[in-house]
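Quick mapping for you: the protein sequence lines, in order, are chains C and W.
Following this note's numbering, the numbering of the first sequence begins with 1 at its first residue and continues without gaps.
Following this note's numbering, the numbering of the second sequence begins with 431 at its first residue and continues without gaps.
Quick caveat, the hints were computed from the structure, so don't treat them as lab data.
For clarity, every value in this text was computed on a predicted model and none was experimentally measured.
Built from N, CA and C at the ideal position, the CB exists for glycine as well.
Some hints could be false.
To be verified - Below, a list of computed lysine-lysine pairs in the PhoX-like style, where the Cα atoms sit at most 25 Å apart:
1. W:Lys546 to C:Lys264
2. W:Lys586 to C:Lys311
3. W:Lys694 to C:Lys264
4. W:Lys782 to W:Lys842
5. W:Lys663 to C:Lys264
6. C:Lys264 to W:Lys842
7. C:Lys196 to C:Lys93
8. C:Lys211 to W:Lys586
9. W:Lys566 to W:Lys586
10. C:Lys196 to C:Lys305
11. W:Lys774 to C:Lys311
12. C:Lys311 to W:Lys694
13. W:Lys789 to W:Lys774
14. W:Lys546 to C:Lys305
15. C:Lys64 to C:Lys93
16. C:Lys217 to W:Lys523
17. C:Lys233 to W:Lys835
18. W:Lys523 to C:Lys379
19. W:Lys789 to W:Lys741
20. C:Lys356 to W:Lys602
21. W:Lys715 to W:Lys782
22. W:Lys774 to C:Lys356
23. W:Lys786 to W:Lys809
24. C:Lys352 to W:Lys789
25. C:Lys279 to W:Lys842
26. W:Lys741 to C:Lys344
27. C:Lys379 to C:Lys311
28. W:Lys548 to C:Lys211
29. W:Lys694 to W:Lys626
Said to hold, decoys possible - Output of the computed footprint for chain C on chain W, the stretches with three or more beta carbons under 8 Å from beta carbons of chain C:
30. 455-463
31. 468-478
32. 514-521
33. 582-588
34. 683-693
35. 771-778
Stated by the list, open to error - Coverage of chain W stretches by chain C, computed from C-beta distances (three or more under 8 Å per stretch; other residues unrestricted):
36. 801-811
37. 835-846
Number of protein chains: 2
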Amino acid sequence: MKTSKEINIDKKNQFGAEILCIGSEILLGNIVNTNSQWIAEQLAILGIPHFRQTVIGDNPARLKEAILESSNRSQILITTGGLGPTPDDITTKIIADAFNTPLQQRNNILMDLKNKMKNKYSKLSESQKKQSLLPKGAKIINNYSGTAPGIIWSPKDNFTIITFPGVPSELKEMWRKEASNWLINNNFSKKIISSKVLHFAGISESLLADKIPHLLKANNPTVATYASTGEVKIRITAKGESLEETNRSIKPIEKELTKLTGLKCFGVDNTTLEEVVIKLLLSRKETIAVAESCTGGGIGSKLTKIPGSSKIFYGGVIAYNNSIKQDILEVPEEIINTHGAVSKQVVEAMAKGVQKKFKASWAISVSGIAGPTGGSKLKPVGLVNFCIKGPKTLITWEERFGSNKTREDIQKLSVLNALDRLRLSIIMEN
Amino acid sequence: MKTSKEINIDKKNQFGAEILCIGSEILLGNIVNTNSQWIAEQLAILGIPHFRQTVIGDNPARLKEAILESSNRSQILITTGGLGPTPDDITTKIIADAFNTPLQQRNNILMDLKNKMKNKYSKLSESQKKQSLLPKGAKIINNYSGTAPGIIWSPKDNFTIITFPGVPSELKEMWRKEASNWLINNNFSKKIISSKVLHFAGISESLLADKIPHLLKANNPTVATYASTGEVKIRITAKGESLEETNRSIKPIEKELTKLTGLKCFGVDNTTLEEVVIKLLLSRKETIAVAESCTGGGIGSKLTKIPGSSKIFYGGVIAYNNSIKQDILEVPEEIINTHGAVSKQVVEAMAKGVQKKFKASWAISVSGIAGPTGGSKLKPVGLVNFCIKGPKTLITWEERFGSNKTREDIQKLSVLNALDRLRLSIIMEN
């Protein structure tokens, strides 16, 4: 495989695939372009390098320009959309125009269109017939569930266009039944690309990146970090001749990463924190209850998303109002009056209260200021107190997530932080 | 490969906006590019013509090429992604390079980055500092919830680049607070496209569509229905010279829709069911508590997402385990033994129990089988019982969401169904 440097210097050597999605509804923001993502994934599975995605509206001049540009840059152009019978379906005609090739009526497609009509006695309209006009020399991709066929066509050396309708289900079926085989049989599918995702908690993306500068510079496998609110992950992506080969090259990198990050790494691929916590408790045959103030049920809601959580999750108290903290969780009134509802003393009493009431092995409690109002200089928005009480554990801590954060982010960060410390506490207990 | 000069014949007529999303994870098919869709929608709202979307990986040469191409074709290039601290975040540097402009360290950003650090005494790492390097002359777009700022920069006549981070929540906030105003103040916003969304509950998309065939055919404004799990909405979109004009044409359509659908329509634009419930309770000075089994805290979590909910939401009990239903909510053991935990009798006792314990005006309770296991022929997965107890109201009901649904969907549908019936019950109480 060529490196990116070679590709760019040697402009005559067209390389890799591009995706061109055609449709004004995408440019208007009416729909999310999920076709691009799906095709990109398929290209990665086949190991076909893919360097650009483009979206163009139903405009002849701009579409032609985009097709010609791509024909000078890539080996394969995959298009979606614009194959249907309506006047704004212009893809096939513009592709033929771009390479000065006439359209030909294909009788087998006419037959197919006729067979697909509900009423066998009615005639195909002119607009329906339009779908049977394909560039001279183009191979047909049959449409199994819809009407408009696609094409595989090489209008010039080292450049092939493959077209699909915009309807995702039709596209997928046509890809699986015909296009993917064509790509394999014509030797475009060279190497396998496979990847593994590692999930982290309790570390920022930049701190994580600073720990592994040598890995981030690596070439095959490549290592990249990603972050969203409260979540950090690393993707290891390897290229190779086979799945065994890619797995073999991912393994040592994964090992090094987990060694460098220790308990910060809580799982791979689709693992979630709540899943890890539930599994740990199940393996120890221990139970848990929650006492939630500012998260309002968010921890319970996460834990119960996992099938089988009923075996270890007893439930909890959403103690949003201070009176509930006193009445149900038996937090002494003087503690609230002396230290405030958002304090280490109160979360400790909440955890102890819920653990006792619910007769659970573990209890976790949260009380904080999610904002946007209710903060003070001493106790600003974003300040959250936590307590975990286990068979032997008792820890309380506070986080300051920052008063610039939204209410939603503070609640989300609180839930993730609680689950992560719970995970670590359970691991540390014996 | 053609250079950008050759591609664009009429360079003098640059027009409209393009979107360029940067990130190898998009090309690998790891994530769906929702940022493009969101920005496209915002451009439509502002009436800024938008002709092309492109995705490029974290590759310097290809990124530079894409930027230069766009600079010869469009007036505005909006980019997302690649602004963070890691080595694969290259957007700002490549933009500066493309127009032979040096990067300058901005002290106000350094200060901002320092302020956003959790530990005020630790130092900014070199990779963190990278985010403060911006092209000379570029205006800053502040990042309110994350770290990496964006820029608004015109490196040449009639061409402006606006950059955003890839994190959707950061992007949206930066657009709303700064970029959108800049576009309006600099006269890019021309013909107005504006839309209004109506939200519905307790009605399916197809039933709703059947009520309004004449409206779905209309041209300006257009009317379209959308649906996702438990949520149905209608978007009315109008084009016009001014906001007054579009509002004037939307109003009668909105009126007709709400007349035809009555209480099924619960709000417009960004309104949520939980927000409506909280507002109703606030206006009546009434309070609420929840007793949740299969939703595990999901109703409480939704209600507490709304700022000010603490005034009317007392909290609740997550009674996941049957012993909790008895011990904390005082559901008599014989009711559970006779009718089962998922029964009208049990949810009624749960609602009464939590209303009494929490001294709340309203109580809502849920108990059901979220699956994937635990169902029987008589009580299949997807069966959920509910009860609402108000000052004068007492209703129990059951829903069968279908055993083909996922655990997550059954939990989500239960929460939305509970909130909608709560809304209707409060309205009916008068």
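A quick look at each hint next to the structure:
no., hint, verdict
1, W:Lys546 to C:Lys264, "22 Å, holds"
2, W:Lys586 to C:Lys311, "64 Å, violated"
3, W:Lys694 to C:Lys264, "47 Å, violated"
4, W:Lys782 to W:Lys842, "24 Å, holds"
5, W:Lys663 to C:Lys264, "41 Å, violated"
6, C:Lys264 to W:Lys842, "31 Å, violated"
7, C:Lys196 to C:Lys93, "42 Å, violated"
8, C:Lys211 to W:Lys586, "40 Å, violated"
9, W:Lys566 to W:Lys586, "13 Å, holds"
10, C:Lys196 to C:Lys305, "24 Å, holds"
11, W:Lys774 to C:Lys311, "23 Å, holds"
12, C:Lys311 to W:Lys694, "38 Å, violated"
13, W:Lys789 to W:Lys774, "22 Å, holds"
14, W:Lys546 to C:Lys305, "32 Å, violated"
15, C:Lys64 to C:Lys93, "10 Å, holds"
16, C:Lys217 to W:Lys523, "18 Å, holds"
17, C:Lys233 to W:Lys835, "29 Å, violated"
18, W:Lys523 to C:Lys379, "39 Å, violated"
19, W:Lys789 to W:Lys741, "14 Å, holds"
20, C:Lys356 to W:Lys602, "44 Å, violated"
21, W:Lys715 to W:Lys782, "20 Å, holds"
22, W:Lys774 to C:Lys356, "29 Å, violated"
23, W:Lys786 to W:Lys809, "29 Å, violated"
24, C:Lys352 to W:Lys789, "23 Å, holds"
25, C:Lys279 to W:Lys842, "23 Å, holds"
26, W:Lys741 to C:Lys344, "23 Å, holds"
27, C:Lys379 to C:Lys311, "38 Å, violated"
28, W:Lys548 to C:Lys211, "19 Å, holds"
29, W:Lys694 to W:Lys626, "17 Å, holds"
30, 455-463, "holds (count 9)"
31, 468-478, "holds (count 7)"
32, 514-521, "holds (count 5)"
33, 582-588, "violated (count 0)"
34, 683-693, "violated (count 0)"
35, 771-778, "violated (count 0)"
36, 801-811, "holds (count 4)"
37, 835-846, "holds (count 3)"
Comparing the model with each earlier hint shows violations of hints 2, 3, 5, 6, 7, 8, 12, 14, 17, 18, 20, 22, 23, 27, 33, 34 and 35; every other hint is respected.
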